[in-house]
Amino acid sequence: MNGPHDLGGQHGLGPIAPEKDEPYFHAEWEKRALGVTLCCGAFGAWTIDESRHARESLPPATYLSASYYEIWTRALEILLKRHGFVTQAELDAGRMLEKGTEPKRVLKAEMVAGVLARGGPCDRRVAPPPRFVVGERVRTKNFNPETHTRLPRYARAKTGVVEAVQGGFVFPDDNAHGWGENPQWVYTVVFEGSEIWGEAADPTLTVSIDAWESYLERV
Amino acid sequence: MSEHHHGEGHGHDHHHDNHFSDIEARVKALETVLTEKGLIDPAAIDAIVETYETKVGPRNGARVVARAWSNPEFSDWLKRDATAAIASLGFTGRQGEHMRAVFNTADTHNLVVCTLCSCYPWSVLGLPPVWYKAPPYRSRAVIDPRGVLSEFGLELPAEKKIRVWDSTAELRYLVVPERPDGTEGFNEEQLADLVTRDSMIGTGLALSPEVVR
Chain A
1 MNGPHDLGGQ
11 HGLGPIAPEK
21 DEPYFHAEWE
31 KRALGVTLCC
41 GAFGAWTIDE
51 SRHARESLPP
61 ATYLSASYYE
71 IWTRALEILL
81 KRHGFVTQAE
91 LDAGRMLEKG
101 TEPKRVLKAE
111 MVAGVLARGG
121 PCDRRVAPPP
131 RFVVGERVRT
141 KNFNPETHTR
151 LPRYARAKTG
161 VVEAVQGGFV
171 FPDDNAHGWG
181 ENPQWVYTVV
191 FEGSEIWGEA
201 ADPTLTVSID
211 AWESYLERV
Chain B
1 MSEHHHGEGH
11 GHDHHHDNHF
21 SDIEARVKAL
31 ETVLTEKGLI
41 DPAAIDAIVE
51 TYETKVGPRN
61 GARVVARAWS
71 NPEFSDWLKR
81 DATAAIASLG
91 FTGRQGEHMR
101 AVFNTADTHN
111 LVVCTLCSCY
121 PWSVLGLPPV
131 WYKAPPYRSR
141 AVIDPRGVLS
151 EFGLELPAEK
161 KIRVWDSTAE
171 LRYLVVPERP
181 DGTEGFNEEQ
191 LADLVTRDSM
201 IGTGLALSPE
211 VVR
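Chains as they are written, first to last, in the UniProt record's numbering: chain A, 1 to 219; chain B, 1 to 213.
If you're looking for bench data, these hints aren't it; they were derived computationally from the structure.
Be careful, since some hints might not be right.
What the hints assert, rightly or not - One side only, chain B facing chain A, incomplete, derived with CB under 10 Å:
1) 22
2) 44
3) 93
4) 139
A quick note: this is a predicted structure, and the numbers were derived from the prediction, not measured.
From the three backbone atoms N, C-alpha and C, an ideal C-beta is built for every residue, glycine too.
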């Protein structure tokens with residue numbers, strides 16, 4: 001979707017302001033927000049793609065003015081309500097009012113180390129061979145779905161070169177909406193800076209994206 | 001100095017109390033409701049936070065880079081199959097399930113960004129810094145990388161090529177910076193001391209040995 005999250009190439013968002021010896025957390029609530037989000041992810045009720053879509057679907061003014069863990073928290077509230085784990089009345093009251101959905105699992109402290117170490121691999125076998133080969137010129141499609149996609153706007157309808165075939169991966173555009181994993185080949189496609197940004201681009205610049213097969217067509 | 005003092009004193013705390021009151025309340029409400037329902041274990045949250053504060057951080061990635069600098073076979077393995085090579089050092093897991101290592105050379109400097117969210121190799125670099133997740137870096141890294149690097153105090157020669165990797169899929173990137181001159185005879189531990197988090201994102205270079213001495 002063309003949401004506020006799709007930031008590549010936007011102007012006017014200010015200086016970067018790196019912080020020296022930046023701490024992992026700037027406030028206690030950030031620690032709890034991280035932990036609550038990961039614990040709820042362990043319910044197994046939604047995928048990482050659905051949670052990304054919940055974040056990018058926040059109103060642009062909210063998204064752009066919120067810190068990252070606030071974006072996580074607001075999206076988590078939406079996911080928890082959508083899947084029946086909590087109600088808005090409970091969030092407003094700050095206490096349990098009714099039972100709600102039973103999760104597949106509850107993450108206990110003694111499970112944390114194992115769960116974090118396992119992660120959530122999303123490589124999958126794809127039966128047909130890759131459609132594109134290394135060195136081939138390809139063009140990204142021009143589409144503007146209201147649904148989730150991982151093809152950034154700046155890289156749509158651009159011509160680049162396949163640099164690597166990375167393997168088969170869950171297709172987020174479908175998986176975010178509960179339409180199945182439908183894995184596809186993923187390719188690293190590299191573009192000249194001028195192809196994306198025009199003649200004024202830094203002449204030494206190349207930019208690559210990792211693109212699912214259905215984002216690409218032959219030139 | 002006075003600014004620093006102010007930052008640690010009353011004004012700082014007060015400012016944050018006001019700024020974060022709404023979000024603090026939201027997070028508190030979430031944790032309370034979910035705990036009352038038996039859906040989360042507050043001790044699990046403590047364990048998650050402790051993991052990322054004390055066990056998983058950029059030191060992991062620095063060890064990978066130091067091994068690659070000092071062991072050509074490991075370096076080749078890292079180029080070929082970074083996931084397996086990194087796992088051999090014990091660094092696996094969340095947001096590092098599928099790794100790629102990209103090597104800086106005399107000709108090319110690599111820079112990593114996620115313009116769509118803030119994908120980052122947690123298993124080797126720990127949790128990402130605020131600037132990596134914030135709109136200024138995510139918007140500009142792909143269009144004005146030299147301007148971005150200059151804000152980190154890094155001015156590259158004009159002829160040095162810049163390759164930006166936008167993490168749009170589930171592959172997570174680790175930049176292997178160039179090994180600094182004057183490090184002949186350094187062991188892996190000493191080499192790892194020269195590898196900064198920023199050098200593994202591409203917003204910095206490895207430290208020269210004089211800096212560490």
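Now the hints, each set against the structure:
Hint status for residue 22/B relative to chain A: holds, with the closest Cβ pair at about 9 Å, below 10 Å. With a cut of 10 Å, the hint placing residue 44/B at the interface with chain A holds, because the nearest CB-to-CB distance is about 5 Å. Annotation: residue 93/B was flagged as interfacial toward chain A, and the flag holds, the nearest CB pair being 4 Å apart, inside 10 Å. Nearest Cβ of chain A to the Cβ of residue 139/B: about 4 Å, under the 10 Å cut. The hint holds.
Checked against the numbered hints given earlier, the structure satisfies every one of them.
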